[in-house]
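Keeping their order, the protein sequence lines are chains A and B.
Numbering follows numbering that gives the first Met the number 0, in which position 152 of the first sequence is assigned residue number 151; successive positions increment by one, without gaps.
Numbering follows numbering that gives the first Met the number 0, in which position 1 of the second sequence is assigned residue number 0; successive positions increment by one, without gaps.
Since the hints were made in silico from the structure, they are not lab data.
Keep in mind that the hints are not guaranteed to be accurate.
A few chain A residues that don't get close to chain B, going by computed Cβ distances all over 12 Å [stated by the list, open to error]: (1) 17; (2) 28; (3) 33; (4) 66; (5) 71; (6) 94; (7) 114; (8) 118; (9) 157; (10) 209; (11) 213; (12) 215; (13) 252; (14) 258.
DSSO-like cross-link-like pairs, simulated, lysine-lysine; straight-line CA separation at most 30 Å [unchecked claim]: (15) A:200 - B:45; (16) A:230 - B:45; (17) A:198 - B:45; (18) A:230 - B:2; (19) B:71 - A:230; (20) B:2 - A:201; (21) A:238 - B:45.
Note that CB positions come from ideal geometry on N, CA and C, so glycine has one too.
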Amino acid sequence: MAQTFDRPEIQTPENLVYSKTTCLTDNVMHYCPGCGHGTAHRLVAEVIEEMGIQSETIGVAPVGCSVLAYNYFNFDVQQAAHGRAPAVATAIKRLLPEKYVFTYQGDGDLAAIGTAETIHACNRGENIVIVFINNGIYGMTGGQMAPTTLPGMPTSTSPYGRDVETMGNPLKITEIVAMLPGTHFVTRQAVHTPAAVRKTKKSLRMAFENQKLNKGLSFVEILSNCNSGWKLSPVKANKWMVDNMFPFYELGDLKVNGEMINKD
Amino acid sequence: MAKVVGDIIIDIERCKGCEVCNAACPNDVLEMSQEVNGKGYHYVIKVNADCIGCSNCAVVCPDAVITVYRAKV
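The shape of chain A in the complex, shown without the other chains (with noise of 0.2 Å):
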């Protein structure tokens, strides 16, 4: 028998220092391997286990890949229609003000088709959490050319690469509900290094602190990877995301406390 290399001594309860949380369920997470999204839903997870609101949480999932977040959210999670999640989140939030509410969506249904329904609840300063994964593709229909598709970068629909003479600029959605005076807290994080996951969850934990003394709406940015759409391996994609979406899309925040953050 290969030799196993445990130390059964130390694995005791008290030195415990990390595990999966409550707040997820056991079911195994349908996205690919090494997807940023099961980084993110466990970082959402993660925040609501530790500021125990997991009994007064109510999340609004998309349509995408994320469409079955109900099955591993171990709380209450309504399924909107394509684009409409901030709607969604608006009228429940409305209806039960005592609740914590947030959206997931990803770049398609928020980006794409779903722009007005963001860009008006942002601005009407809904007091809710808009969680926001951008991996500048439409993943689950097969990697198409989505808004966010940086410029020159290949697709299914854009092989040679997104001319932006003929197919426009990428949005950057972020910059946009940051300058609406609506929204509290706005920032861009990401997914790929141990470092990077720490602070975007301090970054989810501050959206729903914002949302719990209602401050105002946060909109918290997740750079993902999707190495399906971008047909490279889970390690490799991050390292392109570093040099490509990187450049483009500049981490950190850029809204806080109703105040725009002065990057120059």
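We have chain A; now place chain B onto it with these hints.
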């Protein structure tokens, strides 16, 4: 000087073999197995006892496969 030792438990049936944890480990504790799990993926295994319980692997794992323990000896 107190030495920190760690250990991880890998839920091999949930692992999808994406190797993101492998890239995040500072002590090269993890490698991919030759065998496959029930879903047909090469799962991650420990190949030495150098774990320091930093929980980097668990923090980046998309499928919450890894449980981490840490103790001072």
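Which earlier hints turn out false for this structure, listed by number in ascending order?
1, 2, 3, 5, 18 and 19
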